[in-house]
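Novice: Spelled out, the chains give:
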Amino acid sequence: MAITDPTIDLGGQDPRVRPQLVEGNNNFTTVTQMVAGIPEQPVAKTDKLWIALFLLSLSVLGVLGACLAYLITTGVGVWGNNNPVFWGWPIVNFVFWVGIGHAGTLISAVLYLTRQNWRTAVNRSAEAMTIFAVICAGMFPGVHVGRIWVAYFLAPVPNQMSMWPNFRSPLLWDVFAVSTYFSVSLVFWYMGMVPDLATLRDRSTNKWRRMIYGIFSLGWTGSSRHWHVYERAYGILAALATPLVLSVHSVVSFDFAVSQLPGWHTTIFPPYFVAGAIFSGFAMVLTLMIPARQYFNLGHIITMTHIDVMCRILMATGMLVGYAYMIEFFTAWYGGVMVERFAFVNRAFGNYWWAYWIMVSCNVIFPQLFWSKKMRRNLVVVMLVSITTNIGMWFERFVITVTSLSRDFLPSSWAYFRPTWVDILTFVGSFGLFMTLFLLFIRFLPFVAMSEVKIVMPSAHAGHGHTDGHGPKSHANHGSHNGEGAPQHG
Amino acid sequence: MGKGRLNMADSKAPYGVVGIYTNVDDVLAAARRVRDAGFTRWDSHTPFPVHGMDGAMGIKMTFLPWITLVMGLTGMAFGVFGQYWVNAKGYAFLISGKPVWSLPANIPVAFEVVIAFSAFTTFFGMLALNKLPRLSHPLHRLAEFARVTSDRFAVVIESGDPRFDSGQVRKLLAQDAEQVVECPADPTRAGLPSWFHGVAAIATCLTLIPLAMAYRGRHATSGKPRYAVWTDMSFQRKAKPQQASGLFDDGRAARKQLDGTIAVGQLFEDQELRFGVQPNALSPVGREVGATGVPDAAWIAGFPAALTVDEAFLDRGQQRFNIYCSVCHGVRGDGHGAVALRAEEIRAMRWGWIAPKNLLSSATIARTNGEIFHIAGHGISTMKGYAAQIPANDRWAIVAWVRALQASQAIDARRAPDAQYQELPALPLGVTQGGR
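Sequence lines, in order, name chains W and C.
At position 433 of the first sequence the residue is numbered 433 (the working numbering), and the sequence of numbers has no breaks.
At position 200 of the second sequence the residue is numbered 200 (the working numbering), and the sequence of numbers has no breaks.
I should point out that these hints are in silico values taken from the structure, not numbers from a laboratory.
Keep in mind it's a predicted model, so treat the numbers as computed, not measured.
Take the hints with a grain of salt, since some may be wrong.
In the EDC-like style, the derived pairs of lysine to aspartate or glutamate whose C-alpha atoms are separated by at most 20 Å in a straight line are [to be verified]:
id, chain 1, residue 1, chain 2, residue 2
1, C, Lys131, C, Asp186
2, W, Lys207, C, Glu144
3, C, Lys60, W, Glu231
Far from chain W, some chain C residues (derived; all Cβ distances over 10 Å) [to be verified]:
id, residue
4, Pro14
5, Asp25
6, Phe39
7, Asp43
8, Ser44
9, Gly82
10, Pro193
11, Arg237
12, Leu247
13, Arg252
14, Ile323
15, Ala338
16, Ser381
17, Pro391
18, Asp394
19, Gln406
Ideal placement from N, C-alpha and C gives every residue a C-beta, glycine not left out.
Take these sequences, add in the hints, and give me the full structure.
Specialist: See below:
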């Protein structure tokens with residue numbers, strides 16, 4: 001029998017009561033002001049800290065541009081990739097960034113379908129992060145092909161050689177998966193933003209802003225007939241993006257798993273990669289969200305409860321990843337293949353033991369702090385763990401890629417991989433690209449999905465209209481309707 | 001979305017009447033009143049989708065999901081058949097003898113194509129069903145309407161509705177409303193400015209130029225060298241024939257040939273020696289001689305002029321014959337080699353074994369030397385060719401030894417004239433007397 005006593009402590013949440021997702025004495029007006037106030041700040045009065053960070057990101061982006069120009073005009077020999085490690089940092093960085101790009105669509109789509117309303121506070125920025133991370137990710141294989149002016153060979157376009165790509169190659173699956181993921185995520189992000197862009201358009205006092213936001217909001221009027229189609233479309237996109245988000249990192253893992261290299265050729269890779277992607281994605285969401293929340297005073301929208309929930313997800317996915325590490329060893333031992341066994345013993349105790357144990361510490365041990373509620377609510381701890389998680393996940397990809405390749409079948413060709421300065425600066429530069437895009441996003445676009453946050457506020461539902469006191473006449477007539485709309489909760 | 005016409009025939013008629021509300025309950029109640037009053041051209045506007053509004057307004061379920069389903073299935077067909085056409089028909093990849101078409105390997109790409117088709121259809125279908133983008137709308141010019149995308153709710157009844165009556169509509173909307181205002185018609189043109197069409201037409205034509213150039217490039221030939229973005233692959237720092245080089249005293253990049261260098265094809269110029277045919281019986285190209293294709297008259301009957309047939313030559317032939325030929329044909333050439341005996345013993349003819357020919361038979365004796373040389377090199381029936389193992393000179397020596405065997409072994413001693421008859425020495429075990 002269901003619990004009927006409302007005083008029983010259900011861990012702070014009575015299922016019959018809508019959880020208060022937006023804290024403080026907020027209403028539709030204040031939520032709009034809090035969020036829209038950020039992009040509405042006049043350009044001339046832009047905060048100094050933002051300008052400083054933006055200039056720093058731009059200069060790091062310049063480093064990336066210089067490295068890429070050097071790479072393209074000279075050739076991939078400027079990297080440390082060499083026999084037998086032909087997949088060095090470029091592929092490590094690709095998998096790292098594309099993994100980060102998984103949290104956004106996961107939060108928007110999977111949590112939407114499972115009616116996790118708390119997602120509304122973080123989905124917009126997580127989706128933006130996804131798109132920027134996938135841009136960074138796509139760059140690496142794009143330049144790794146060497147002669148990028150013939151990168152169109154990857155696409156099935158008629159060409160002068162009458163040649164077509166091999167659709168049975170996991171590398172081509174990857175091209176399709178990542179480009180589909182990017183374009184669908186972009187559509188999802190943009191479509192979710194249209195109503196908020198309309199809000200910015202209608203609030204703008206400046207002609208140029210009104211025109212630019214006006215064009216991008218497509219003439220949205222908030223019509224209920226439009227909302228009806230829009231909500232169906234949003235639900236369909238969420239249903240499409242959910243299998244997509246799971247497929248993308250599975251396909252990325254096929255790049256490794258379909259080959260026959262010991263340490264790569266294993267069926268656990270797809271779920272293991274997807275868990276790792278969600279893990280790293282949530283870590284990056286926390287890394288970006290906490291400073292932005294503090295800086296823009298969005299504590300009432302992105303509450304400590306949100307951070308608490310994300311920390312729990314971080315810990316859960318971290319343990320999934322740790323489980324995968326264990327199972328890999330078990331499979332190598334149980335499978336009885338000598339070379340597989342060697343590959344895994346070499347991973348943990350070979351030349352790259354340091355990378356392996358950085359990975360295990362960051363990904364499995366540190367997130368265990370989040371068993372404690374105190375730690376989940378200590379922003380410094382959360383920041384530190386989310387950053388170490390990102391470091392650990394980079395090393396995971398490094399360990400998978402480099403340890404297997406550097407100790408391949410032929411001992412005479414074994415070699416120790418060393419990155420060059422171009423490798424290092426290109427990777428650092430990709431953060432410049434990411435941060436530049438992200439800073440532009442938080443400065444000029446609605447950082448929080450206003451219309452979605454408003455839906456989860458109690459006053460968005462019939463019968464609650466009088467409680468938040470945002471209108472002088474709101475008491476009149478309440479309760480007089482026939483309840484037609486009332487059962488539509490949730 | 002008129003083409004340049006004014007929104008309203010009578011520009012003084014308002015677009016409609018707008019009731020503005022402050023909360024969800026009031027706007028839902030107003031929507032129900034308007035619905036029940038039987039209006040058709042009206043709408044409510046809210047900053048977020050209000051639950052219950054579909055029922056309150058009587059909005060029917062959109063058919064967008066069906067469009068998505070159809071386009072998703074189209075995407076699946078495109079993904080599967082596109083890959084089939086590309087990889088199994090248009091440009092088949094033959095890898096280790098695997099089938100050119102195997103569906104499981106094509107599922108990931110087909111899946112991604114389904115998702116891409118469905119997602120883009122959903123987004124653009126949503127815009128199309130909502131008739132968006134529509135950048136010019138009378139409501140956008142109404143100052144009171146601006147808060148509807150933030151924190152106000154509105155119900156709008158258009159003046160185009162057949163039941164529209166300004167006074168009654170105002171009364172209907174006024175209940176609980178924060179205010180009721182009239183939205184004037186948009187006096188501006190609803191369509192794009194007329195100059196835009198000209199600019200768009202020119203821009204469209206300009207975008208076709210690169211495509212046309214690319215198309216022309218596909219079908220035209222050019223005398224100019226290929227354009228290299230970076231030249232390091234086309235023009236490498238290495239010496240090629242006919243180039244000058246400071247590395248050698250004579251200033252040439254290419255070195256002179258050493259003494260005794262044989263030109264390509266030079267070895268095959270002596271057609272008697274190499275092919276066993278009359279000089280110039282074969283064309284200079286396509287000298288590969290098949291079992292057929294050479295007229296019988298072309299085979300030489302004797303030995304090539306380049307060879308001297310003497311005792312040493314015959315000894316060489318015997319030695320080579322005993323190494324390569326005798327295992328099947330027997331040291332005497334009578335077809336009773338070790339392999340043949342063993343095959344007879346296990347009755348290998350049950351499995352299609354064909355016994356080696358008796359070289360002492362009249363049919364073999366009747367063959368020309370050129371023909372026997374050719375068979376030694378290229379094989380016949382189930383015999384393989386030995387050109388790869390035995391050089392041409394040695395094959396000729398073998399031919400000479402076969403002739404010697406025929407001359408000495410193919411004689412039936414019983415038919416010899418009495419005067420010359422004498423007992424042959426005892427033969428080793430397993431070797432029978434007489435060839436015929």
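Novice: Is the Cβ of Leu247 of chain C farther than 10 Å from every Cβ of chain W?
Specialist: holds (25 Å)
Novice: Confirm or reject: Pro193 of chain C is not an interface residue toward chain W, with every Cβ-Cβ distance exceeding 10 Å.
Specialist: holds (14 Å)
Novice: Classify the label on Ile323 of chain C as holds or violated, using whether its beta-carbon is more than 10 Å from each beta-carbon of chain W.
Specialist: About 39 Å separates Ile323 of chain C from the closest Cβ of chain W, which puts it past 10 Å; holds.
Novice: Taking the shortest Cβ-to-Cβ distance between Pro14 of chain C and chain W, state whether it exceeds 10 Å.
Specialist: holds (17 Å)
Novice: Keeping to a limit of 20 Å between CA atoms, is the pair of Lys131 of chain C and Asp186 of chain C held or broken?
Specialist: holds (18 Å)
Novice: Minimum Cβ separation between Asp43 of chain C and chain W greater than 10 Å?
Specialist: violated (5 Å)
Novice: Is it the case that Asp394 of chain C keeps its Cβ farther than 10 Å from each residue Cβ in chain W?
Specialist: holds (41 Å)
Novice: For Ala338 of chain C, is the shortest beta carbon distance to chain W beyond 10 Å?
Specialist: holds (43 Å)
Novice: Checking one constraint from the list: CA of Lys60 of chain C to CA of Glu231 of chain W, max 20 Å. Satisfied?
Specialist: Answer holds: Lys60 of chain C to Glu231 of chain W is near 13 Å, not above 20 Å.
Novice: Taking the shortest Cβ-to-Cβ distance between Gln406 of chain C and chain W, state whether it exceeds 10 Å.
Specialist: The claim stands: Gln406 of chain C keeps its Cβ more than 10 Å from every Cβ of chain W (closest is about 57 Å).
Novice: Is it correct that the beta-carbon of Phe39 of chain C has no partner in chain W closer than or equal to 10 Å?
Specialist: holds (13 Å)
Novice: Taken at face value, is the distance from the CA of Glu144 of chain C to the CA of Lys207 of chain W at most 20 Å?
Specialist: With Cα atoms ~18 Å apart, Lys207 of chain W and Glu144 of chain C stay inside 20 Å; holds.
Checked against the numbered hints listed earlier, the structure breaks hints 5, 7, 8, 9; every other hint is satisfied.
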